[in-house]
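Q: Sequence:
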Amino acid sequence: MKTFIKTFDELTTGELYEILKARFDVFVMEQHCFYLDMDDIDYHAIHIYMTESQQVMAYARLFPQSFTPELPIPQPNEKDAWHFGRLLTRRRGVGLGKQMVETILQVAEQNHVKTIYIEAQTHAIGFYEKFGFQVISEPFEEAGIMHVEMKKILCE
Numbered sequence: 001m002k003t004f005i006k007t008f009d010e011l012t013t014g015e016l017y018e019i020l021k022a023r024f025d026v027f028v029m030e031q032h033c034f035y036l037d038m039d040d041i042d043y044h045a046i047h048i049y050m051t052e053s054q055q056v057m058a059y060a061r062l063f064p065q066s067f068t069p070e071l072p073i074p075q076p077n078e079k080d081a082w083h084f085g086r087l088l089t090r091r092r093g094v095g096l097g098k099q100m101v102e103t104i105l106q107v108a109e110q111n112h113v114k115t116i117y118i119e120a121q122t123h124a125i126g127f128y129e130k131f132g133f134q135v136i137s138e139p140f141e142e143a144g145i146m147h148v149e150m151k152k153i154l155c156e
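All residue numbers for the sequence shown refer to the working numbering, where the first residue is 1 and numbers rise by one.
Calculated from the structure, these hints are not laboratory results. A couple of the hints might just be wrong.
As a list, the in silico BS3-like pairs of lysine-lysine whose alpha-carbon atoms are at most 25 Å apart [claimed, not checked]:
#, residue 1, residue 2
1, K21, K114
2, K152, K114
3, K130, K114
4, K152, K79
5, K79, K114
6, K21, K151
7, K6, K21
8, K21, K152
9, K2, K151
10, K21, K130
11, K151, K6
12, K130, K98
13, K2, K21
14, K79, K151
15, K98, K114
16, K98, K152
17, K2, K79
18, K151, K130
19, K130, K152
20, K21, K98
21, K21, K79
Have a look at the derived ranges for each label pair, beta carbon to beta carbon [claimed, not checked]:
#, residue 1, residue 2, range
22, Q54, Q134, 32 to 42 Å
23, C155, E52, 15 to 25 Å
24, G14, G126, 14 to 24 Å
25, K114, D25, 30 to 40 Å
26, I125, G95, 12 to 22 Å
27, Y17, R91, 12 to 22 Å
28, Q54, E138, 37 to 47 Å
29, C155, Q55, 34 to 44 Å
30, E141, M38, 19 to 29 Å
31, V135, S53, 32 to 42 Å
32, H32, R91, 30 to 40 Å
Note that CB positions come from ideal geometry on N, CA and C, so glycine has one too.
Using the sequences and the hints, build the whole thing.
A: The structure is reproduced here in structure tokens:
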């Protein structure tokens, strides 16, 4: 399994196609989330993904808070705050999610991120708490699935 960390402009058309295909397969087909996936954040995100035989097996995007669309839970405008989202794995139970979050946190630190936010599906709260994320909102519905806002302070 290979891990890649790229900006949008560094992605090839083939890589972008495989990323979008993986996001569609997991979020739309598997989880039945009907939402506008191409929301322009991709242009400003760092794309982190793992491939096997050129197929995206895990993916997430990390991006500055300034590019975050209107969220159900208002947030303070923090300098050096980022978000990550669209976290997916195509093979469950083998540690891909853990590897992805560890890589995301490393990339965030390399980019001098002080605070990181996520909109986590409620069933995954315990998973993210293992990495030091804390729930900061009441549950809310997003794309037909219950979520909570979570936050992790990387440095003061």
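Q: Compare the structure with each hint and give your call.
A: Quick rundown of the hints versus the structure:
1. K21 x K114: 31 Å, violated
2. K152 x K114: 9 Å, holds
3. K130 x K114: 19 Å, holds
4. K152 x K79: 14 Å, holds
5. K79 x K114: Distance ~8 Å between K79 and K114 Cα, so the pair holds.
6. K21 x K151: 28 Å, violated
7. K6 x K21: 17 Å, holds
8. K21 x K152: 29 Å, violated
9. K2 x K151: 28 Å, violated
10. K21 x K130: Violated, at about 29 Å.
11. K151 x K6: 24 Å, holds
12. K130 x K98: 10 Å, holds
13. K2 x K21: 18 Å, holds
14. K79 x K151: 14 Å, holds
15. K98 x K114: 21 Å, holds
16. K98 x K152: This hinted pair holds, its Cα atoms lying about 16 Å apart.
17. K2 x K79: The given pair, whose Cα atoms are some 32 Å apart, is violated under the 25 Å limit.
18. K151 x K130: 12 Å, holds
19. K130 x K152: 11 Å, holds
20. K21 x K98: Status holds; Cα separation ~22 Å.
21. K21 x K79: Since the Cα atoms of K21 and K79 sit roughly 33 Å apart, the hinted pair is violated (cutoff 25 Å).
22. Q54 x Q134: 32 to 42 Å: 37 Å, holds
23. C155 x E52: 15 to 25 Å: With a Cβ separation near 34 Å, C155 and E52 fall outside 15 to 25 Å, so the hint is violated.
24. G14 x G126: 14 to 24 Å: Given a distance of about 36 Å, which is not inside 14 to 24 Å, the answer is violated.
25. K114 x D25: 30 to 40 Å: For D25 against K114, whose Cβ atoms are near 34 Å apart, the range 30 to 40 Å holds.
26. I125 x G95: 12 to 22 Å: 19 Å, holds
27. Y17 x R91: 12 to 22 Å: 20 Å, holds
28. Q54 x E138: 37 to 47 Å: 41 Å, holds
29. C155 x Q55: 34 to 44 Å: Once the Cβ atoms are compared, 35 Å apart, the range 34 to 44 Å for Q55 and C155 holds.
30. E141 x M38: 19 to 29 Å: 21 Å, holds
31. V135 x S53: 32 to 42 Å: With a Cβ separation near 37 Å, V135 and S53 satisfy 32 to 42 Å, so the hint holds.
32. H32 x R91: 30 to 40 Å: Taking Cβ atoms as reference, H32 and R91 lie about 20 Å apart, which means the hint is violated.
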